[in-house]
Amino acid sequence: MKRVQFSSPVLPYLFLLPQMLVVFVFFYWPSVQAIQSSFYIEDPFGFGSTFVGAANYTDVLLSPEYQKIARFTAVFTFLVTVLSLGLGLLLAVKADAVIRGASAYKTILISVYAIAPPVAGLIGMMFFDQHIGPFVKFAAWFGWNMKVGLSYFDTAFAMIAVSVWKQIPYNFIIILSGLQGIPAAIREAAAIDCRSGTRRFWTVILPLLAPTAFFLLIINITYALFDTFGIIDVMVKDKAADNPITLVYKVYLDGFRGNDIGSSSAQSVILMVVVFVLTVAQFRFIERRVHYG
Amino acid sequence: MYRTKFFDHLILILGAAFLIGPVVVALMTSTHEAAEIHRQGLMLTPGGHFVDTYEKVLTREGGFTGQVTGLRMIMNSLILGLGFAVGKIVLSMLAAYAIVYFRFRFATLAFWMIFTTLLLPLEVRIMPSYEVVSRLGLLNSYTGLIVPLLASATGTFFFRQYFKSVPDELLEAARIDGAGPFKFFIDVLVPLSQTMIAAVFIIMFVYGWNQYLWPVLMTTDESFYTLMRGIKQILQVWIGSQIPDYNEAFALAVLAMLPPVAIVVLFQSWFIKGLTESDK
Chain A
1217 MKRVQFSSPV
1227 LPYLFLLPQM
1237 LVVFVFFYWP
1247 SVQAIQSSFY
1257 IEDPFGFGST
1267 FVGAANYTDV
1277 LLSPEYQKIA
1287 RFTAVFTFLV
1297 TVLSLGLGLL
1307 LAVKADAVIR
1317 GASAYKTILI
1327 SVYAIAPPVA
1337 GLIGMMFFDQ
1347 HIGPFVKFAA
1357 WFGWNMKVGL
1367 SYFDTAFAMI
1377 AVSVWKQIPY
1387 NFIIILSGLQ
1397 GIPAAIREAA
1407 AIDCRSGTRR
1417 FWTVILPLLA
1427 PTAFFLLIIN
1437 ITYALFDTFG
1447 IIDVMVKDKA
1457 ADNPITLVYK
1467 VYLDGFRGND
1477 IGSSSAQSVI
1487 LMVVVFVLTV
1497 AQFRFIERRV
1507 HYG
Chain B
686 MYRTKFFDHL
696 ILILGAAFLI
706 GPVVVALMTS
716 THEAAEIHRQ
726 GLMLTPGGHF
736 VDTYEKVLTR
746 EGGFTGQVTG
756 LRMIMNSLIL
766 GLGFAVGKIV
776 LSMLAAYAIV
786 YFRFRFATLA
796 FWMIFTTLLL
806 PLEVRIMPSY
816 EVVSRLGLLN
826 SYTGLIVPLL
836 ASATGTFFFR
846 QYFKSVPDEL
856 LEAARIDGAG
866 PFKFFIDVLV
876 PLSQTMIAAV
886 FIIMFVYGWN
896 QYLWPVLMTT
906 DESFYTLMRG
916 IKQILQVWIG
926 SQIPDYNEAF
936 ALAVLAMLPP
946 VAIVVLFQSW
956 FIKGLTESDK
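In the order they appear, the protein sequences are chains A and B. For the first sequence, position 27 matches number 1243 in the working numbering, and the numbering has no gaps at all. For the second sequence, position 158 matches number 843 in the working numbering, and the numbering has no gaps at all.
One or more hints might be untrue.
[As the list claims (entries may be wrong)] Over 12 Å on every C-beta distance to chain B, these chain A residues come out as not near it, computed from the model:
id: 1; residue: LYS1218
id: 2; residue: VAL1268
id: 3; residue: ALA1271
id: 4; residue: GLN1283
id: 5; residue: ILE1324
id: 6; residue: ASN1361
id: 7; residue: LYS1363
id: 8; residue: GLU1404
id: 9; residue: ILE1408
id: 10; residue: ASP1409
id: 11; residue: TRP1418
[Unchecked claim] Stretch by stretch, here's where chain B covers chain A in the computed footprint (C-beta under 8 Å, at least three residues):
id: 12; segment: 1291 to 1298
id: 13; segment: 1325 to 1337
id: 14; segment: 1367 to 1376
id: 15; segment: 1436 to 1447
In short, the hints are calculated from the structure, not lab data. Note that the structure is predicted; figures quoted are calculated from it, not measured. Built from N, CA and C at the ideal position, the CB exists for glycine as well.
Whole structure, please, built from the sequences with the hints as guidance.
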């Protein structure tokens, strides 16, 4: 906090008012409502609702369909996070090593960052299209009859590929700026002590990147869980029947397509808990970085 | 040495091609005719139908009610992106100013009330948010499109961190010169934050422009459709058509990605500054 501050009986409240108003109406009110309606079953025709305790939660958690979607979400999140972080790291390390053309590579990669998930999904759809998709033709050479939109596995494959493609640039930018923040003195000292570039990378550079990597890990998990909604929606085109979907998509399907508000709210609350845990981990970590970084 | 540089460049070129390739193909294919694309697949070279395809997408009235054109969707996306960015900056600068520069009761409470919003993204409270907005009669309005998206503290957090790094001496000097809270904010703090404001503006504009789920739910009236909503629309029309309008879909995708890509590339240094310093 500041050593000197203004003190005024009205002004701070006046300045806070707009933000507080928005936060109350569009954050607290809906969040409380989600928690509340997760304990009720709403009449489908809108005539009142019945209190059912934790029944919505047990129904959701015990349903084989929900468990299947949760498993897919876990696999999807894991693969998207690992692949986009790994490829982002590889490209960032290489871009940090070269001098000529580094800014050109950077510009190309950054431009892909600005593409919205549904646009990425649309372009991906075309590449995996039955008639015109080059990836489908490519897979056919290896005897893989790819049917995105019809086969569970193939759709999952396409979704993961598009989601990774969309996320690599972000990881690249953050890791590259992390790499460029490593003092030259440390690099030089390491170069004197150890001739092998690969070993220097694993023992000196990577540990110094650990704070950035941890931060990115959480951001990537959040991305895979929530921001991929646009990609998934465009790729399954509302025909979720035998296609892989993530938990957030299921909340949307049950709430808006199925009109099952109680169950959808219970699922929202379950996701809230997941995000809560992730964010607390992130905050604790940022705190640590502020002290020791 | 020479050899390792060669491999570094090889990997970078492959990576860049893998990332930018689909974008180039989308751009090239959008300039061909649908039947030609259907016959020959995606294109790597420009075709001769750039003008007519884009003119059609921009000006033809489509959709169910025949009200919405590409131009209209671009305008709506612009309103969403600009409105969101400006709203976010105004709200969060004011709130951060109050939190950092004022001594008042409930300061800690206010801080936590605002920062709790970082915990839950809009996606997990989408149903009740929709109900609140519909109860307030804000469906199919620009207010309903923009304001609920502002209920997150990313901007406030960012400006709070920045204000805290501003030297205390500035405020002391300003107070000795007799500057009040308004004068200090407008004449010292805002000019000082210019680069930060630019960085936040770019990130928030891209974020607003790229919004998908909220506009899809909010706008049933086609005159409020954004480009992202239009993409969902064009794919729904597809199902059941003999030769889908591949070229028009690609043209729409190109229009939807052009503004954010252009802004991010043009203002690269500010953008990276914003990304790395706001940590989001």
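How the hints compare with the structure:
1. Against chain B, the non-interface label of LYS1218(A) is violated: not every CB pair exceeds 12 Å, the least being about 6 Å.
2. With a least beta-carbon separation of about 17 Å from chain B, VAL1268(A) lies farther than 12 Å from that chain, consistent with its non-interface assignment.
3. The Cβ of ALA1271(A) lies farther than 12 Å from every Cβ of chain B, with a closest approach of about 18 Å, so its non-interface assignment holds.
4. Annotated as non-interface, GLN1283(A) keeps its C-beta farther than 12 Å from every C-beta of chain B; the closest such distance is 19 Å.
5. With a cut of 12 Å on Cβ distances, ILE1324(A) falls inside the contact zone with chain B, its closest approach being about 5 Å.
6. Distance check for ASN1361(A) against chain B: the nearest CB is about 17 Å away, which clears 12 Å, and the non-interface claim stands.
7. Its beta-carbon lying about 16 Å from the closest one in chain B, LYS1363(A) satisfies the requirement of being farther than 12 Å from that chain.
8. For GLU1404(A), the requirement that its beta carbon stay farther than 12 Å from each beta carbon of chain B is met, with the minimum near 16 Å.
9. Against chain B, the non-interface label of ILE1408(A) holds: every CB pair exceeds 12 Å, the least being about 17 Å.
10. No Cβ of chain B comes within 12 Å of the Cβ of ASP1409(A); the nearest lies about 19 Å off, and the non-interface call holds.
11. Listed as outside the interface, TRP1418(A) is consistent with that label: its C-beta sits roughly 16 Å from the nearest C-beta of chain B, beyond the 12 Å cut-off.
12. Judged by the Cβ-Cβ criterion of 8 Å, the segment 1291 to 1298 of chain A is not covered by chain B as claimed, because only 0 of its residues qualify and three are needed.
13. Check result for the segment 1325 to 1337 of chain A against chain B: holds, 11 residues qualifying (beta carbon to beta carbon below 8 Å, three or more required).
14. Check on the segment 1367 to 1376 of chain A: 0 of its residues sit with their Cβ under 8 Å from a Cβ of chain B, so the three-residue criterion for coverage is violated.
15. Figure legend: the segment 1436 to 1447 of chain A, annotated as covered by chain B; annotation consistent (4 residues with Cβ-Cβ distances under 8 Å, at least 3 required).
Figure legend: structure checked against the earlier numbered hints; hints not met, in rising order: 1, 5, 12, 14.
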